[in-house]
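Novice: Fit chain B to the given chain A structure using the hints.
Here the protein sequences line up with chains A and B, keeping their order. FYI, this note's numbering numbers position 124 of the first sequence as 124, with every residue one higher than the one before it. Converting from the second sequence to this note's numbering requires adding 277 to each position, the first position being numbered 1.
FYI, nobody ran anything at the bench for these hints, they're computed from the structure. Any given hint might turn out to be false.
[Said to hold, decoys possible] Now the stretches of chain A that chain B is said to cover, found in silico as 3 or more residues with beta-carbon under 8 Å: (1) 4-15; (2) 252-258.
[To be verified] Below, a list of computed lysine to aspartate or glutamate pairs in the EDC-like style, where the Cα atoms sit at most 16 Å apart: (3) Lys287/B to Asp117/A; (4) Lys167/A to Glu180/A; (5) Lys441/B to Glu460/B; (6) Lys556/B to Asp137/A.
For every residue, glycine included, the Cβ atom is placed at its ideal position computed from N, Cα and C.
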Amino acid sequence: MMKYLLYQLKKYPLAIVGIAVLLLWVIVAIFGPMMVSHTHTAMDSTNQMAGPGTAGHLLGTDSMGRDILSRIVYGSRSILTVALMTSIFSTVLGILLGFMAGYFGGKTDAAFLRAMDILMAIPPLVLSMVVLGIIGDSSILTLTLIVSIAFIPATARVSRGVLLTEKSQEYVSAARIRGESHLYIMFVEILPNTTGPILVEATARFAYSIMMVASLGFLGVGLQPPTPDWGMMVIENKPIISQAPWAVLFPALAIASLVIAISIFSDFVSKVLIHER
Amino acid sequence: MNRTLTIIVKRLGSLLVTLAVMSFIIFMLVEIMPGDVAQMILGQSATPEAVSALREARGLNDPVLQRYFRWVGGVVTGDLGDSIYMQGVSINSILWRRVGHSMVLALTAFLIFVPTSMFFGVLAGVKENKTTDSIVSFFGLATMALPEFVSGVFLITIFGVQLKWLPIVSVIPIGESLLSNLEILIMPALSVTFVMFGYISRMQRSSMIQVMHSDYVRAAVLKGMPRKYVIYRHALKNALLPTITIIGMNMGWLFGGLVVVETLFGFPGMGSLLMTAIKTRDVPLIEACVLLITVIFSLSTMFTDILYSYLNPRVRLQGGQK
Chain A
1 MMKYLLYQLK KYPLAIVGIA VLLLWVIVAI FGPMMVSHTH TAMDSTNQMA
51 GPGTAGHLLG TDSMGRDILS RIVYGSRSIL TVALMTSIFS TVLGILLGFM
101 AGYFGGKTDA AFLRAMDILM AIPPLVLSMV VLGIIGDSSI LTLTLIVSIA
151 FIPATARVSR GVLLTEKSQE YVSAARIRGE SHLYIMFVEI LPNTTGPILV
201 EATARFAYSI MMVASLGFLG VGLQPPTPDW GMMVIENKPI ISQAPWAVLF
251 PALAIASLVI AISIFSDFVS KVLIHER
Chain B
278 MNRTLTIIVK RLGSLLVTLA VMSFIIFMLV EIMPGDVAQM ILGQSATPEA
328 VSALREARGL NDPVLQRYFR WVGGVVTGDL GDSIYMQGVS INSILWRRVG
378 HSMVLALTAF LIFVPTSMFF GVLAGVKENK TTDSIVSFFG LATMALPEFV
428 SGVFLITIFG VQLKWLPIVS VIPIGESLLS NLEILIMPAL SVTFVMFGYI
478 SRMQRSSMIQ VMHSDYVRAA VLKGMPRKYV IYRHALKNAL LPTITIIGMN
528 MGWLFGGLVV VETLFGFPGM GSLLMTAIKT RDVPLIEACV LLITVIFSLS
578 TMFTDILYSY LNPRVRLQGG QK
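Just chain A, with the same shape it has in the complex (with noise of 0.2 Å):
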């Protein structure tokens, strides 16, 4: 396994720089805040609008002359945070729909899909922030569960599909002829043959959830100050933008970096994945 992994990393160079960058991100939502100088709120007044590198702020300051490394550093802690548990729940909630659905089939699979069109007129991003916005409360756990709603037409598709595909297989037959519980056929039968797709499409969930979480907290329905939070980092500095670039422009590139690293994680994991099956 090990050695095949390598003879893939071999085989696409890029995906270790993809890896490396999200690592590093990783490390530094981990230990970061522990080794900048500043902390998110603090504001150095006399330093408002400093450049890159002057008294002692690496990346500048914004308007209130808060530390732009400093909150870029916080922030990717919220924004992995917050990611990572949408794309983690966004799945497991995927998987148990799309399997119910997938698995019975007949009217709650009918049901399931009238369901699912309902939730899939409306763009995840416009729901998820009319649905913030009136609720008017953006914690890291009401931000979760709104964007996992949001993206379940996507995953519990994907893991319909592949219970479709494994359903009419025999193992499933003599399970059944067994006398095995329907969960028990579902989770403990079915799913560990699914893993592949189903991983694929959670990394790439990922991405996904990076991004939605970042569009979020620009549209001001994310997470709420002092937070800090690079989508809401960007909105908050853009009409200084022509005065202070690197107030906006860092935390875009730490956007970028990130969902660009993730990309390449997740096409990298299913060129794996599929081409291992």
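Specialist: Here is chain B on its own, set in the frame of chain A:
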């Protein structure tokens, strides 16, 4: 043709159900959540009597079901009601101009990303595993999940701040129309293009590769036909077809993206209007925007599905995905 009609009727029926369910949920959600538009209009220092008088005047004290059905009755007759926050301005008078702006923006983006992503997707597919393919594929991968405001910020920094070619904000001066200010469309449209390019070019590439490896293309090559002829006459037609569905499926991302870029650039469209409506808890305005986005989105998926079945009669229509 008969089948197409059945599809249309079915889809419109399901659209109506969706709209009813969704608008009801939004009404109930606003109802049970804290926050009060009357309080917001009058400010925090308003006396409770003044707030309750305003609620009475706006009909906000009626039971929620009564308000909901009154609103539905209005919508059915084409009256979207009045904005609550903007002191009784009729929604019909502000919404349609904004919708028009958003449609122009969406169309501009569409005209950019559809041909470019299809072209580069086909190119990458034909040159599978060559340098061209690697470049296009990497670019597609990089932009696939890049939030619109991030690409927008990069564009602003380059073309707005450094080169000063394009305006940083997309506002229309009072008394002028969008058509006389077309330069404000460029950066917002390009920002949306990146994400769509990523997804569609990748899909186009894989569908092209699939076709290039198919038996009939191989047969044509083995028959000794020139490669160009095979690509243009045989492969292209079949490789472009699935992309139509992919584009239809991704219209949802386009509409989400519009809200984001309109907010970034301050573009006076439907998305930024929805954003304002949400922040002011203006229920009729939220409802109107969401309703319209859903209708436009559903109609565009329906249209692509019909187009697909029209171009490819072998397909059985079973509804879009994603």
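Novice: Does each hint hold? Answer for all of them.
Specialist: Verification of the hints:
| no. | hint | result |
| --- | --- | --- |
| 1 | 4-15 | violated (count 1) |
| 2 | 252-258 | holds (count 3) |
| 3 | Lys287/B to Asp117/A | holds, 12 Å |
| 4 | Lys167/A to Glu180/A | holds, 14 Å |
| 5 | Lys441/B to Glu460/B | holds, 12 Å |
| 6 | Lys556/B to Asp137/A | holds, 12 Å |
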